[in-house]
Every structure is written in structure tokens, then in C-alpha cells.
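J.: Below are the chains, spelled out letter by letter.
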Amino acid sequence: MKITGAQALIRSLEHENVDVMFGLPGGCILPAYDPLLESTIRHVLVRHEQGAGHMAEGYAHVTGRPGVAMVTSGPAATNLVTPLCDAYMDSIPMVAITGQVSTTAIGSDAFQECDTVGITRSVTKHNELVMSADDLPMLIRQAFHIASTGRPGPTLVDVPKDVLQAQMTWHWPSDDDVIASLPGYRPNTKGHPRMIKEAAKLILSAERPVLYVGGGVLKARAAEALRELAETTGIHVVTTLMARGAFPDDHPLCLGMPGMHGNAAAVAAMQRSDLLINLGARFDDRVTGRLDGFAPDAKVIHVDIDPAEQGKVRKPDVPIVGDCRDVIGKLVNAIRHQLDSGATQADTSAWKSRISGWREQFPLTYEHSDPGHALKPQFCLEQLRDSAPEGTILVSGVGQHQMWASQYWNFTEPYSWVNSGGLGTMGFSVPAAIGAKVGRPDRTVWAVDGDGCFQMTAQELVTASVERIPIKVAILNNSYLGMVRQWQEMFYEERYSEVYLSTELPDFVKWSEAMGCVGIRVDSPEEVAPAIDKANSINDRPVVVDFRVDASEKVFPMVPAGATNDDLVLPASQSADVGSLR
Amino acid sequence: MNNTHHILSVLVQNRPGVLARVASLFARRGYNIFSLAVAPAESDAQSRITIVVDVESSPLEQIVKQLFKLVDVVKISELDPTESVERELLLATVRAAPEDRSQVIELTSIFEGKILAVGTTAITVSLDGHPSKLDDFEALLDGYGLVELQRTGRVALSKLDRTAQPRATRKAS
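Protein sequences appear in the order of chains A and B.
For the record, in the first sequence the residue sitting at position 100 is 100 according to our numbering, with numbers rising by one throughout.
Here our numbering runs 582 ahead of the position in the second sequence, where the first position is 1.
Hint data in this document are derived by calculation from the structure and do not stem from the laboratory.
Glycine is no exception: its CB is placed at the ideal position from the N, C-alpha and C atoms.
Certain hints may be false.
Here are some of the chain B residues that sit facing chain A, going by a computed Cβ distance under 7 Å [what the hints assert, rightly or not]:
no., residue
1, GLN648
2, VAL653
3, ARG677
4, LEU728
For lysine-lysine, the following DSBU-like pairs were computed, each having C-alpha atoms within a straight-line distance of at most 35 Å [what the hints assert, rightly or not]:
no., chain 1, residue 1, chain 2, residue 2
5, B, LYS657, A, LYS197
6, A, LYS197, B, LYS715
7, A, LYS190, B, LYS696
8, B, LYS741, A, LYS312
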């Protein structure tokens, strides 16, 4: 039976088990929105296409399934570029469907025409322009296959209007057909046995080992395997910004986040280590600091599904290309096997007591405000954390609030933290939180945002209200672009340039109410807990809490840009003792 | 071609935009292309791109691995100049006043090149062969004054061994 390309597109998405998509219709994609009326797929109508992209990302973060965004051509497609790049940097599976002008008009500078495939080439794992309706099922299958296998990432399918309108005979390619159609795409998921044996040997002989865990562990759904590895070997774990929750923060072996704003013990443990066991991390510059001074005595085992990550930044002694769950499982077996056949693990007790010393001496800390003085953002986060319902998912934007959220939250399970790591996209949190809530409606979703970030994408709260997606937003409002302000204070001699937003404007409570949310303003410490309790009790609409916080508060510890991790700047109360980290 | 240059023979799916994908990857990652030649390969479904890369700025291994991440890239072989056959074509229009004409013609015939066109003050010649031979020829022609020069960039295949099987190629993984 003949159907239209538009029907084939929607049917293909249904066959890929898409339950929800985020989008906004327009000229060229119009034909695809018609069969959507009869589809089982829920469509969330956004207020700006960037929102659709971040919602798809938030959905993918918490479910592990590709998030889907569908928008029209031209400006709609260009509005998707930021979320695509964000998803590319953070390896988030996402499929974008964009409308395109008819094949006959391509290249003529037609209304709302742009070279979507050209523009998005370097921010997608793969993209395709569909030239015939007959190709649609295969190209959609390929897009989902590529987005969700190997190192996940965003894919884009650009569909001209006449392709959507054309007639085609429905067919659904088999798994084998899809694989055969992509001879150049063969992700290697199984670690090399000899390398795994080698790694096990190195792990058992290390006296100062650290498990350096990145987002790849979450992508591979390897949190349980990781826990087994850590507990079998007794090795401490650092979880990067992309891996928060991959290992429980309340576990005795957890050192928290490393890097520029990492916990002092996590940073020092990596610096002094003799073996870094990198599981699905990529030696990001925000983790390593100045590279030539990073973990100078450490040998490196690097497990990554992307061969190009091996040796890209730091040359590994034992490179293992493979899926983290597969490799970690085999690593545990290899270690057990070696122990059973008489090998012994090196004595790590001196190292462990050194780490405990650092943890005791350098906990995360801030100066609490005196009564009647400005509210501290860290205090708000502690209160939020302590009264968060079980299973709460935390989403954040980018900047100071993001670092405090990562530092002060207590992550106890995987997929409970959603943020923009690699690209650092301000405005990520509100739409990503909406996507996360759609993916996990059973969970409470709190977005922690800055006042700068919030103003970039807040209009999606209208989407949340209309679509009944009751997220909660905590704005840590210091009236500044806080992280920029911190750098100008510390590195530009307090010359504050274009960094002050406004204390009066906007009125976040009125704005939130105008968007159908409950708005609450909090100025003093004693108002914090009641406001959070109230927000937690509202589940029929979004809530926005405007916490008016101390603008002078800075994120510590901090490794200044360009410095090595040994030059960690600690809060004033600890800075006298910095020498004991070396 | 100098010692920071390496030859990559890249087999790709013959699809719209594949050259743009390869080129934009090089641009985006800051890799330098010294020369590039592309045409359909033994199967119409695939094309072979011969790229001479300058690896001074980034290690060859990274370039190969990043290239192999492109979905349309099927196979990458790094060709060792001593273990491969290389050819290139050169077209040149050289200044040749009547009194110089016979010298240019003689030079071309020594190199076993061809005279393609003769004008009143210039000659167009062609030469195909090993790129280093073309380098020598080009340098000598330059003495007369090159009006226009076009080289194709090298194409290369690995040498056959004694059993006439293609040499094992390196596949990035």
C-alpha cells in the first residue's frame, strides 16, 4: 500500500519506539505534522527550537534512549545547532528531524532555506539529507542506530517538503539491512583480552591507584560493574562532572568531583597517583589543568569506546577500546583470576590513609552568613538536597551554580544528574529539566539555575505549564554572571566589565506567574526551608524559587586557568595548609 | 612531499557530501592537507581518496582515528612510500619565445612528457609519473617562467608482493 513520505516518517519513529518528541512546526515540516495527529507519539510543543533540542537531551540523559526533536527548515534548524553541539560534546544520543525546502528548490536560496546538513556536519555524529521518500525508513533507522551505539551522539535527518509529500511503498529494513548499509560503521565494544590482562596486572601492582570515572560509565550503564571493581580492589573513585552519580557520593571510596572546582582530596589523589584507571573519561582540560603538570607520576589505563580518545590528550600505558560495562566486567574477572592464581595486590594502606587525611583536612566548606546577612548559595543547595524527595533528578545550567550543585549535592544513583559539561551551554537547565521530567514523570525534577542562564530559555516554562510538566526551578540569583564575575575579581583585578545584570529586573516571581508557574522569592536564610517545602508540595504546575544570594560568593577550590592542579586555590580557612596536598 | 608528509588512501562510500565531510574534519581539527585526489574506486559504490597529510601539527594516529569515525569512511590505509606505487599528472604552460622553444621541447622529451599546445610565446606541456620526477621537471621549467601550473595531487596504491596479493592494509580500530 502506498503512503506518503510524511506518514512513513512518523511510522518509522513509531517503529523506533519513540514515545515522545519535542518540536515546533513550520512551513517545510508541515506535512509531517499531519499524520502526527493519528500517531501514538506524544508531541511537546516548545516555544523556541533550542528548547526542543535541550529537552531531547534531558530526556536522553535520564532514560538512555535517544531524545527526538523535530523542527522546520532554516531558522528552526539553525536554532537546533546549539543543542546538537551540546549533545555532541557530551555524547548524548539524540535524533533531530528537520524540514527542508523541496528538492527542486534546494540551492536556490528559497524561503527558509539553509544548508542544514552543511551547518550541522561538525556538530553531529552523522547527518543525512533525504532525497527520496523510499529512503526514509532506512535513513531513520540508521540515525537511531548511529545515535545510540558506539560512542553515542546526535544525528540529524533533513527531509525536504516534496519528499514528505511523495508517495512510497512502506517497508521496514531489518537490523541486518541497517548494519549492511553502513560498512564504515563498526563500533568496537569488546575490550582486547591481552590489554585487559595487562591492566589487571597493573591495577594489582599499583600502590597509589585512582579510578578516574567519566560519562562513558553512565552511557554504558556500567555503574554496578564499577562498584564491583572499586569494592573488589578497594580503590578510591573520582567522578567527573559528566559522571556524577555513577558511583554513590556516600560510599567510603568516593572522592567526588576532580578538576578545576573539584574536591581537594579528588584533585590531590589524581596528582599524586601512580596509576590512573580512566574509565570512559577524556582527560578534559577542566580535569587535567595544565597538561604537563597533570598526574606526573601516574601510569594510565584508558578504557574508552572511541579509539580516537586513546592518546588524544594523554598517552595511555594500557589502551583498551571497548564498552565500559563489558571491559569493567572482564577487568573484575581478570583481577579475581590473578588473585586466585597466587598474585597479591600491592599494599595501598599508606595511600589510603593519606587520602583519608586529605578528606578530613579539606572538606568542601564555605563561610555561613551571620543572621541578617546575605544568603549563601551553598546553604540553599544544602537545604534543597536535604529535603529533596527520594530519587530526585537534579538538572543544572552552566556557571557557579552548576559547580556548587555538583559539589554540594549527594548523588546516590546514576542518571540523577543532568548538565551541560563539554559545551557549557547557558540556558540548558530549564528545557533539559522539562525533557528529564517527561522521560521520568515518576521523579521529582529540580533545576538549579543562575539568573543569567534562566533568562536565556525561561520561556520554556510556558511549555511546561501548558503541557503539565511540573518541574521545579531554583534560581541562585546573585544579579551577576557569577562565574565571569569571579574571574574578573580574581584574575582581572576586580575590574568588573559587563557582568552585572540587575537586582530589580526582571521580577522573577511575576515572570514565573505570568508563565503559569508558582513563583516564590527568598531573601533570608530562615525563608529557605519553608520555600523549598512549599515547592516540593506543589505537583500540578512548575514552581520557580528565586533565591537572592550573596553576589560576592566564589566557587572553591579552584585551579586557575593555565595553572597545574598542584596550584589549587583553597577557601581562605584552608589555604594555609595547601602544602599538605603535595 | 617532505618527511612530515604521509600518504593516506581512504576508501569511502560514494555518497553526496563525503568529500565535504573529510575536508571539514581536517579543517575542524586543524590538520593540514598537502594534496588530495578523489575519484570512484573499483566499485562504483565507493570512492578512493588519496590524501597527503602534513603531520607536523598533529600525530598521524589521531588523524587516522578521527577520519575513521566518519560513518562514510570504510577503510584507511597508510601507504609507506617505499611500499607503494605513486603517480601524479602535471600540466604546465611555460614561457617559450621562439629562441627558447626548442630547449623546452627537448627538456620535455628528456622527461618523456608531452607537448600539448604551442603558442607564439608559450608552450603547454604535460608529464605524468612519480611526484618527485614532477618536482624536478617543474623546477627546471620554472627557469623559463611558468605561466600556469596545475598538478593533480598524487594517487597511490600499495605495491603487490611476490604472491600478487595486495599488501595487508591497516584498518583503524
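J.: It remains to establish, for every hint, whether it holds in the given structure.
T.: Hints versus structure:
1. The beta carbon of B:GLN648 comes within 5 Å of a beta carbon in chain A, closer than 7 Å, and the hint placing it at the interface holds.
2. Interface restraint check for B:VAL653: the shortest CB-CB distance to chain A comes to about 5 Å, inside 7 Å, so the restraint holds.
3. Proximity of B:ARG677 to chain A is violated relative to the hint, the smallest CB-CB distance being about 41 Å (cut-off 7 Å).
4. A hinted interface residue such as B:LEU728 counts as satisfied when its beta carbon comes closer than 7 Å to some beta carbon of chain A; here the least separation is about 35 Å, so the hint is violated.
5. Distance hint between B:LYS657 and A:LYS197 is fulfilled; the C-alpha atoms sit about 29 Å from each other, no more than 35 Å.
6. Under the criterion of a C-alpha separation no larger than 35 Å, the hint pairing A:LYS197 with B:LYS715 is inconsistent with the structure, at around 50 Å.
7. About 55 Å separates the Cα atoms of A:LYS190 and B:LYS696, which puts this hinted pair outside 35 Å; it is violated.
8. For the proposed pair B:LYS741 and A:LYS312, the alpha carbon gap of about 31 Å is at most 35 Å, so the pair holds.
In terms of the numbered hints stated before, the structure departs from hints 3, 4, 6, 7, listed from lowest to highest.
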